Amino acid sequence: MTELLVGTKKGLFVLEGDPSTGEPFAIATRAFAGDVVEYAIRDRRTGRYFAGVTSGFYGPRVMFTDDPAGDWQQGEGPAFPEGSDTSLERVWRIEPGVSEGVLYAGVAPAALFVSADDGEHWELNEPLWKERLAGSWNPGAGGLALHSICTWPGKPDTLAVGVSAAGVWITEDGGESWRTGYAGLVPEYMPEEQRAGTNALCVHNMHRAPLRPERLFMQFHGNVYRSDDEGGSWTSIREGLPSGFGFPLVIDPADPDCAYVVPLVADVDRVTPGGQLRVHRTRDAGATWTALGDGLPSNEAYLTVLRQAFGSSGEGRSQELYVGATSGDVWGSSDAGGHWFAAHERLAPVTSVRVA
Amino acid sequence: MAVVTLRAPLRDRVGGQAKHELPGATVGEVLRELERRFPTVTGWILDEQGRVRPHVNVFVNGERIREDAAVAPDDTLQVLPSISGGYA
Numbered sequence: 001m002t003e004l005l006v007g008t009k010k011g012l013f014v015l016e017g018d019p020s021t022g023e024p025f026a027i028a029t030r031a032f033a034g035d036v037v038e039y040a041i042r043d044r045r046t047g048r049y050f051a052g053v054t055s056g057f058y059g060p061r062v063m064f065t066d067d068p069a070g071d072w073q074q075g076e077g078p079a080f081p082e083g084s085d086t087s088l089e090r091v092w093r094i095e096p097g098v099s100e101g102v103l104y105a106g107v108a109p110a111a112l113f114v115s116a117d118d119g120e121h122w123e124l125n126e127p128l129w130k131e132r133l134a135g136s137w138n139p140g141a142g143g144l145a146l147h148s149i150c151t152w153p154g155k156p157d158t159l160a161v162g163v164s165a166a167g168v169w170i171t172e173d174g175g176e177s178w179r180t181g182y183a184g185l186v187p188e189y190m191p192e193e194q195r196a197g198t199n200a201l202c203v204h205n206m207h208r209a210p211l212r213p214e215r216l217f218m219q220f221h222g223n224v225y226r227s228d229d230e231g232g233s234w235t236s237i238r239e240g241l242p243s244g245f246g247f248p249l250v251i252d253p254a255d256p257d258c259a260y261v262v263p264l265v266a267d268v269d270r271v272t273p274g275g276q277l278r279v280h281r282t283r284d285a286g287a288t289w290t291a292l293g294d295g296l297p298s299n300e301a302y303l304t305v306l307r308q309a310f311g312s313s314g315e316g317r318s319q320e321l322y323v324g325a326t327s328g329d330v331w332g333s334s335d336a337g338g339h340w341f342a343a344h345e346r347l348a349p350v351t352s353v354r355v356a
Numbered sequence: 001m002a003v004v005t006l007r008a009p010l011r012d013r014v015g016g017q018a019k020h021e022l023p024g025a026t027v028g029e030v031l032r033e034l035e036r037r038f039p040t041v042t043g044w045i046l047d048e049q050g051r052v053r054p055h056v057n058v059f060v061n062g063e064r065i066r067e068d069a070a071v072a073p074d075d076t077l078q079v080l081p082s083i084s085g086g087y088a
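Top to bottom, those sequences are chains C and A.
Each residue of the first sequence is one higher than the last, beginning at 1 in the numbering used here.
Each residue of the second sequence is one higher than the last, beginning at 1 in the numbering used here.
To be clear, the hints were calculated from the coordinates, so they are not data collected in a lab.
If you're wondering where the values come from, they're calculated on a predicted model, not measured in any experiment.
Yeah, the Cβ is synthetic: ideal placement off N, Cα and C, and Gly gets one too.
Wrong hints could be hidden among the right ones.
Said to hold, decoys possible - If you anchor each label on the Cβ, the simulated ranges turn out as follows:
no., chain 1, residue 1, chain 2, residue 2, range
1, A, Gly86, C, Ala196, 41 to 49 Å
2, C, Arg346, A, Val3, 41 to 49 Å
3, A, Tyr87, C, Arg44, 28 to 36 Å
4, C, Glu300, A, Leu80, 55 to 63 Å
5, A, Pro23, C, Leu211, 57 to 65 Å
6, A, Gln49, C, Ala116, 37 to 45 Å
7, C, Glu239, A, Leu80, 30 to 38 Å
8, A, Gly86, C, Ala26, 46 to 54 Å
9, C, Gly34, A, Arg64, 47 to 55 Å
10, A, Pro39, C, Asp67, 47 to 55 Å
11, A, Gln49, C, Asp66, 53 to 61 Å
12, A, Arg36, C, Ser318, 46 to 54 Å
13, C, Arg44, A, Ala18, 37 to 45 Å
As the list claims (entries may be wrong) - Not everything, but these chain A residues come out facing chain C in the computed CB check (under 8 Å):
no., residue
14, Val3
15, Thr5
16, Ala8
17, Phe38
18, Asp47
19, Arg53
20, Gln78
21, Pro81
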């Protein structure tokens, strides 16, 4: 049985089902009705569920529970310091850290918050915030967002984060200092003469390959990249994809050469190319890509898959994949994308998908 | 002390009680006292900078005001969601 956490514009849907049957999942519970759930995750170390929730009236917050069908509690923070003239706008991502009890929250406006007590209290990472204030970071269409958080297995002080639109930031001392990882990223959306040296680098998604942690994959604004030097420099692996534009990205934790993306036409037309939803997979670190679509919509399907709306569990040939669209539909695969089934239809627009 | 009236979902987050007598010389001070007594509404009406959230309306004796408005001991505050909030 798989438990799927689907964040939507109208609350969190917890779905349950057996993907090997190809039958739709059932709604086990719905939480935060009426609010946007931008992201939801279960910390598999503790079993605790977390959700980044935004009320159109009462603002954004991180909520947590040990039972998604029961009561959810509000942590203390994330909140910007009084006097900073900055207020939390949105919680983009919540990521378990390497050390016991540590979690990270990536938010808008772009900042990293850290919890050392399983999400009950959150503290702003001041050094990265100071970089933001000094660097005149610019927002993308979704706001100024820190949305990707890549931990390093066994190295709790090393972290790479992705910011839209301020590129890659790397720390190796637990967040005391940060350096950029800009080399090789080409902002084609800027005039050629302004590209060199700009920090307006619109990272859409970034994931680390845990078995080869110096390798990261990135979905960029108009390109797909790979880094083999801890995020310090980047090489385009767009060749073979129908488009370099897209938002989500998934890796296979057992195969450092494997990544999945969901291309959209372009920034000016953010829908699936040709009216077909296709997940594209590489198993050779981006040298070649294979379109996966058996069971996915193949006719007149002009869909948008958002940044966090692609999740997975397991690994290798039996890796489970789940992708959700703003149409409110979710599809799943229990064989690494070889075959797909409709996990649920007609939910609210999907903002995030994660396997519990 | 001023009386603050809450509706759902805020009322549900403070134990179901709609009316609260609270001290404070300004709207911000009264609402901070509400947060102090009920941490479950921290950040829901005021943001972390002490500003009334843009899609929340606070009325004092029927007049819509912001966080720095003065409050007299016998004033009545109502906290209501704005028609501009929510999502389609």
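What hint numbers does the structure not satisfy? 4, 6, 7, 8, 9, 10, 11, 14, 15, 16, 17 and 20
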